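Undergrad: Once you've looked at the hints, dock chain B against the given chain A.
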Amino acid sequence: MKVDFTLLLPELVQLLIILGLFVQTLKKPGTESKGIFGLGWLPWAAAVGIAVSAFSMKRSGLLFWDAYQVDGLSQFFKTAVSLGFAIASLNALSAPTVREDQRADYLMFFALSSLGLMLMAGSVELITIYISLEIASYSLYAIIPIRGNDPRAAEAGIKYILFGAAATAIALFGLSYILASQHTTYLHILATKSWTWADSPLAVTGITLFMVGFFFKLALFPFHFWCPDVYDGTSNETAAFAATLPKLGAVVILIRLVALLKPEIEILTLMAVLSAASMTFGNLAALIQTDVKRILGYSSVAHAGYVLVGLVAASAAGLSAAGFYSLIYLLMNLTCFWVICSLSTDGKNLKLDDLNGLYKREPYLAFILAVGAFALVGLPPTAGFMGKLFLLTAAWNRGYNWLIIIAALNTAISIYYYLNIVRHAYTQEADDALEIVPARCCSALWGGVLAASLLVLGIMPQPVFCWMEEAARQMMP
Amino acid sequence: MSQTTMPILSILTYFPLAACFVLPFIKNEKTVRVFTLLIGIAEVFLALPLFRFNMTTPGYQFVEKIAWVPQWGLTYYMGMDGISLLMVLLTILLLPLCVLCSWTYISKRVKEFHFSLLLMTSACIGVFLALDLVLFYVFWEAMLVPMFLLIAVWGGPERRYASVKFFLYTLAGSTLLLVAIIAFYKAGGTFSIPELTEQTFSFRFQFWVFLAMALAFAIKVPMFPFHTWLPAAHVEAPTAGSVLLASILLKMGAYGFLRFCLPMTPDASVYFAPMMIAISVASILYGGFVALGQKDMKKLIAYSSVAHMGFVTLGIFIFSLRGFQGALMVMLNHGITTGGLFMMVGAIYERSHSREIASNMGLGKYLPAYMFFFGLFALSSLGFPGTNSFVGELLVLVGIFKANPWVGAAIIPGVMLGAAYMLRLGQKLAWGEPSHAKAWPDLNFREWSYLVPLAILVIYIGLAPGLALRAIDPSLNRILDRISPKPKTAIVETAALPTPQKGIFAGGLFSLSR
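Taken in sequence, the protein lines are chains A and B. Under the working numbering, the final residue of the first sequence carries the number 477; numbering is consecutive throughout. Under the working numbering, the final residue of the second sequence carries the number 1514; numbering is consecutive throughout.
So here's chain A without its partners, still in its complex pose:
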């Protein structure tokens, strides 16, 4: 086998980053250096990763005995993952709840998990998909409990492992059904088989169970139970990572499955019902939360439902809308988490009341938070609106119009709790007794870049959307 390694440049850069971090973990505790010789190089390296991924956008090819594909879709998602990794690691660079001697290990697991997600983007064979999923998950299992000596973080870690293990076991079980009935694990061969209930009920059952593994990653109702608890328990920086990047991996696999296997009405209806249930439940549950991270947890359950709308559409337009929305979702959530992490300089969870008077303390962060929250609502002119518009437009007249109406009505439910965040930041005065800690430096700058990207993508979504659209058209002409 000859492998064209230039096709794998994004993954290789990511591997180099992991290697570099690994070398740094070997340092004797207490001898960590600061700045660029410490971990300061990481954001730059991650930026190189973004650039390499973006430049290899047009590459395509099939590697490793047809198990690994480089195409528009994989490159789009690899870029998104490296972008998310760069932001999340920049965010976690000075995480207050991580011990100084653990920091390199901590970030290495971030990088490893991102590598797993990149591999997921390229995998076109069920076992490869499964293994990439495990690479992405195991690193997360290791870092969720890291939060000083907080017992709640340990609890969150246990929950995540147990739920994750159960979900992946179900996925593996489904894989065995697919293998038994269709006699192959290659997606492009599976694509030629029939996926109707009448022809092969075993295969339809199998693919549904296999998808459950990814619904878990996506925190889709009813596989969402871990989500608010894990966000709540783990440290803010880990939550920022766990809330955003793994969803990209899940979305890319689901896009591939839908594009290649062209599921019939049974699976699509199931997905539509789950999507409606997820957004309604997520939004309703978020209404009564007071912890900002729990709000974002339930909001991500709702957003999982929105992304699924594009998959239910099962057309090139729908898939590109789902891909675009997941990128927007990554940015929106990272923007909100960025502000949370900046404000919580001691690593505590933020209550809504802790945001009181933010406009006075940190006017820029308050503005960034408002942009993030309004983007999550889907209010123009933020990117959240464009993403939602594309999703709903793609899915209209595909047989699930009731789902669109439910999705639109859900916006009305969700506005309350997002608005609540803004309201606390802008209209409540801070309690004088509240000790005001200045946010970390540079946070306004990078947060501003994130907020600006949300606004720019909302006004001019065209260039980024084009990439995803081409990718979707390659798969579903």
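Derived by calculation from the structure, the hints in this document are not laboratory data. Small disclaimer: the values here were computed from a predicted structure and weren't measured.
Which stretches of chain B does chain A cover? Using the computed rule of at least three CB atoms under 8 angstroms from a CB of chain A, they are:
no.: 1; stretch: 1131 to 1138
no.: 2; stretch: 1148 to 1154
no.: 3; stretch: 1160 to 1167
no.: 4; stretch: 1171 to 1182
Straight-line C-alpha distance at most 30 angstroms; calculated DSS-like pairs for lysine-lysine:
no.: 5; chain 1: B; residue 1: Lys1108; chain 2: A; residue 2: Lys360
no.: 6; chain 1: B; residue 1: Lys1165; chain 2: B; residue 2: Lys1111
no.: 7; chain 1: A; residue 1: Lys351; chain 2: B; residue 2: Lys1111
no.: 8; chain 1: B; residue 1: Lys1111; chain 2: A; residue 2: Lys360
no.: 9; chain 1: A; residue 1: Lys348; chain 2: A; residue 2: Lys28
no.: 10; chain 1: B; residue 1: Lys1438; chain 2: B; residue 2: Lys1428
no.: 11; chain 1: A; residue 1: Lys360; chain 2: B; residue 2: Lys1165
no.: 12; chain 1: B; residue 1: Lys1108; chain 2: A; residue 2: Lys351
no.: 13; chain 1: B; residue 1: Lys1438; chain 2: B; residue 2: Lys1108
no.: 14; chain 1: A; residue 1: Lys360; chain 2: B; residue 2: Lys1027
no.: 15; chain 1: A; residue 1: Lys58; chain 2: A; residue 2: Lys262
no.: 16; chain 1: B; residue 1: Lys1186; chain 2: A; residue 2: Lys262
no.: 17; chain 1: A; residue 1: Lys351; chain 2: B; residue 2: Lys1165
no.: 18; chain 1: B; residue 1: Lys1030; chain 2: A; residue 2: Lys360
C-beta atoms are modelled at their ideal positions from N, C-alpha and C, and glycine is treated no differently.
TA: Just chain B now, kept in the frame of chain A:
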């Protein structure tokens, strides 16, 4: 349509927005006010090229069209017809006046206040000029955030409740509007409003889409069962917020009916007209009765707005040229008059620190200039002949009596209620006892400067509404043609008469006597 001339509409829309970005660099509060005022005046001058507006063609003018997201059919499409011309001019006029009336009223977070004000103006102008459904929706929603902030930050004691209620109501209404927009795109293949108005959709489609759009617009107007957000928002909002809310935001709902419901879903509009007329009549009567019982001046004016907007929707849904003209005139004049009234309330609040009628009585003796303006706006509000609101209400009444005398009879009490609550308010303010106004100063130069333009408009439009009517007639006729080819006679009638002013009143009286 390529861009050969200056994109005047985009400049008008984005000039206040661009000014927003200068504000953070200004340190002094006074400078912020002066800067925003200058921007407002500059905006008025920027609107001068609009006088090239051709009043004889029904089509859109100053059109700008650029591809936005071609795969998805989104275009950046702006244009102006007679209806939007009036609304845009009103919006532009109000910006400097709003700055002036908040000069001393707003004392905290001045910079943010003017930021919201400019943002709001941009979004409002955009709403009236957008000819692409998605672009329209973007502006429509973009205006929610600054308005929310205006109420939530600078509002009265119940501001949090009022602002959240305002936001929830309006956003909940417009979510289904988005679905309707998407349905239009899938059925008609384009988001462009002019192209969609030329297509005919099945009745079943129109039925649902009309309901979705009507909900959004009825909440914005607001029509009777959906009006509860309005008094709360009005009472709590600062003066400038109330003025913008009453003068511009409420008009967007009526504008939506005229621009979307009628031309795009004509069959459904006719089908639902009895329901809309019933709700409008209910709004007129309910608003009038509730206004009669108010102790708070702002609440009284807020409920009177519900009644006035009832006239607007009534005029729209009787589908005659008179009705349309009347609706638009009420829209315009309600913007001028109610804006003026809210400014008056704001001015007296700065003296008495109360909006209760009981604590602002007996001003006639001590504040004659104040009472002069208040009397003028109050008379205008009740539709006194010779003031602007008379024109609109008369036209609506003429239209409605022509269409259905029974409905006309039903709203006559509404007109009388308007006189009752406004005269009662005016009487108490002028001669009520006991008076605390002895030490209060009369209007100062700043207050004169923002009341005089409105007062001039009250009288000018009241005496010579011809210019405004001539601007809107072609656009209204086009909408009317979409609804039904039947009332052609009305068009001929207007066209045949030599001068517009005479035409209105002659036509009106003529049809009344029939």
